[in-house]
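Novice: So the chains spell out like this:
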Amino acid sequence: MKINLNVNGVTFPVDIEPDRSLSGVLRNEIGLTGTKEGCDDCECGACMVLLDGHPVNSCSYLAVQTDGRQVTTVEGLADADGLAPLQQAMLDAGGVQCGFCTPGMLMSATALLSENPEPTVEEIRIGLSGNLCRCTGYAKIIEAVGSDAPST
Amino acid sequence: MQQGSGTTKFVRADGPDKVTGSGRYAADMVLPGMLFAAFRYAEVSHARIVELDVEAARSMPGVLAVLTDDDVPDVRYGAGVADRTLFARGVVRFEGEVVAAVAATTPEAARSAADAIVFEYEELPAIVDVEQAIEPVSPLVHAGWEDYEASTERGHNVASYSSITLGDTDTALAAAHTVVTSRYVADASHAVPIEPRAVLAQWEGDKVTIWSSTQVPFDAQAGVCETLEMPANRVRVVVPHLGGGFGGKCGFHFEAHVAALARAARRPVKLVFTRREEFTAPDRRREGMVIELTSGLDADGRIVARTGEVLIDCGAYIADGAFFPQVASMHIAGPYSIPNVSIEASLVYTNHQPSGSVRAPTAPQGCWAVESHTDELAETVGLDPVEFRRLNAVREGATGPSGQVYGPIGLLDCIDAAVASASYGTDLAADEAVGVAVGWWPTFAVPSGAYVKINGDGSGQIITGAQECGTGSVMTLCQLAAEEVGLNPEDFQLVYQDTAAGPWDMGATGSQTLVNNGRAVVAASQQIADALKKLAADQLEASPDDIELLEGQARVVGTPAASIAIGELAAIAAGGELLLGHGSGPPPVAPEISATCVGDQGMAAWVAPQFSCHAIRVKVDRDTGVVRVLSVAAAHDSGTIINPMGAQGQVHGGVLMGIGQALSEGTVYDDRGNQMNPGLLEYKLQTIADAPPISIDFVGVAAPDGGPRGSKGIAEAPNVATAAAIANGIAKVVGARLTQLPMKPERVWEASSGAAEAGGR
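For the protein sequence lines, the chains are W and X, in the order given.
Take the first sequence: its position 139, counting from 1, is numbered 139 in the working numbering, and each next residue is one higher.
To convert a position in the second sequence, counted from 1, into the working numbering, add 1000.
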């Protein structure tokens, strides 16, 4: 099937089988490997991307369902001026260790903060509960998302 | 500034790669002409191979290679016992054993061809119970075990046996005021890094480059060299960013399979695991254990004797488990001054997936058992559990259970700090309690190496064999180098995790990186510092001994105006003798012990031992058995803390992993040895919504035999005492001991109901 995949503001015409996952097409056809695949059953959240601003597990989302819609991946967070405040906050707080969950975590947190710019710790815990991290115990991720919240 | 005072802001050098998505992991790598690998697994835990026919698979479209045991060198390998082959030979011994491997033009074609392989077998009885397996009547997992090359003490279905004997336990137990015997059983669990492993191999002539998500690139290289019969200088293992390991990616696994496929197909080949494969196929699983121990106390509550017997589920192959019995024995002894000790432990073959080093192997289970037992002992003699531990814990000058005499250590400080942070002893609701446990873990003193260079523009590079698995330990090397040569950490870039670039290193295993590679980087940096001081002395007309290197400047001590920028010195060096340093440094020597050890694996004499105390507040719903962890107070003596942010991250992560192991994680087997929950839907990790607040105290006793600045390891220790402290909290609430790990709701409910019935509630 031929579709127009709009990723981070750029439109990519692609011709793909209808059973292809969004994460697979992003990683293989579009060449954006920041989106990670950790489980293939919507449990780990490493593949989280934004679809029209809402977080979805791209491993379990069909690429053809995104035709004409806006996909945002981790590569779309920083701009020419540098890192987004949330990315910088994750580094400053020490919320990054192995980094494999980080892209998905950043996308969920971006969605949370766009809806709720000043989340409480409890709201952060609910908003990011679809993203597994094995390294950090989440403490410094909560700190990063909380510290980013008031200023952006 | 005081070392490790916590005021340094530390932004890791690999951080920008990781938050922007530009950092590459092994599964992200693509090469021209690349093929995809798929394995055919046994999918039966014990069987004799009757027929293995790959002809149909070989002729399928897009298939360029199909390999079995017939297609690789006849090599049996394994650390301690050579019990392993790359592909199953005659018999399969666990469900995830690789029978054949395929390389094809698409992942789908590779999978179809693997499925098309004709694999017929005759099922053999599955050996799944360690207590039955050691009986002489039990069938053997390895019928030919006596012919294997081995350096361990072995027996019937026993891959490695070890004992620790100190004093005379028979006499001491006979004379004891009180004797308590306990039995505890721990289920197996998993490391579960979020990145499933990936391996990509490419041949150029007679050399192969392998990109692998391994924690131990040099070990992986050695495995390839051994099994494919190649010299080390023709096998290069490169690790792109590694998406976590926790021990699950230690050891040599599938690098040789993929390299052999790539050689046969004459194309690059990539293997990427599914989550199910990550659970079932690697020689890595946290071992199940059966633990029996007996302690004798004197009238004051001092432990006068301890005996123990530990059976550890090895699974089908030894992997890196040869030392498990001895380290498990140390955990059953515990960090206590016990004058009479007799503990023996066996690593027992079964038809389960092989066990291997997962974050402090044997320790969380052993600590959970011994610290549960310790609370039983305290109750028996009417002492508060904390007081009982203060009475018996090892301290400076004390002799431990293997006869090691300790230098300056901070276990008592850990106890004080944790119970203070947890407000231990204050009144709580009837369904809440604070459980306390102490733990310990060695520091692994091993060789390691690094080069450091300063470029002509004054920027620096560290070329190291060390492996970063996420902890930040390799990132911290920049800080050590910077302190030695008077530059900033950001002035250094790292070249790392490439066996062709850096000197040998043990890898991201045993919490050893900063201790050993830190020593190497300091040694290499000191050569640079010496060269800089000589250059500065010439320029400033002073003696090199009077030059200090600080804040990017070389200065004459006491005359701050007499200074020159290190960048200028680097430019001078670039026109003459280059600024190159190389270092290794002798590892600390193991301490003397007085215990007798059969099957000694060097694990009863601990260099720079780490200590911890966790005080954990739990809330138990007696009607459902559900346990919530409300807060954790973790106090650690991991020596001098060099990178506070990194060390805190290890405690946070290790504690949460420990909570998972305590409550929600645990591999469930059917009676034929197959895993019933090899996926994240059924094997539950702790989420951010489960994570309690964790307070951390580093008591920071500098270790005279530690790494740079008196540091010790830190990555594994926080995992050790967590399940134990939770168990002691649960027991206080429900009035009964939980004797099986994990302490799942049904088990808590059963213990609680049993106690209520016994108590007439």
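Do not rely on the hints blindly, as some may be mistaken.
Derived contacts from chain X toward chain W, CB cut-off under 8 Å, selection only [claimed, not checked]: (1) Y1041; (2) P1193; (3) P1240; (4) L1242; (5) T1471; (6) M1657; (7) G1679; (8) L1680; (9) L1681.
Please keep in mind that the hints were generated in silico from the structure rather than gathered at the bench.
Because the structure is a prediction, the values reported are computed rather than measured.
Idealized CB from N, CA, C, for every residue including glycine.
Novice: Confirm or reject each hint.
Specialist: Right, here's what the structure says about each hint:
1. Checking Y1041 (chain X) against chain W by beta carbon gives a least distance of about 17 Å; that is not within 8 Å, so the hint is violated.
2. This hint holds: P1193 (chain X) has a C-beta 6 Å from the nearest C-beta of chain W, less than the 8 Å allowed.
3. The closest approach between the C-beta of P1240 (chain X) and any C-beta of chain W is roughly 10 Å, which is over the 8 Å cut-off, so the hint fails.
4. Because the smallest distance between the Cβ of L1242 (chain X) and any Cβ of chain W comes to about 6 Å, under 8 Å, the interface hint for this residue holds.
5. Interface hint at T1471 (chain X): satisfied, since its Cβ lies 6 Å from the closest Cβ of chain W, which is below the 8 Å cut-off.
6. Because the beta carbon of M1657 (chain X) sits about 7 Å from the nearest beta carbon in chain W, less than 8 Å, this interface hint is met.
7. A distance limit of 8 Å between C-beta atoms decides the matter here; for G1679 (chain X) the minimum to chain W is near 6 Å, and the interface restraint holds.
8. At its closest, the beta carbon of L1680 (chain X) sits 4 Å from a beta carbon of chain W; the interface hint therefore holds under the 8 Å criterion.
9. Hint on L1681 (chain X) holds. Least Cβ distance to chain W is approximately 6 Å, under the 8 Å limit.
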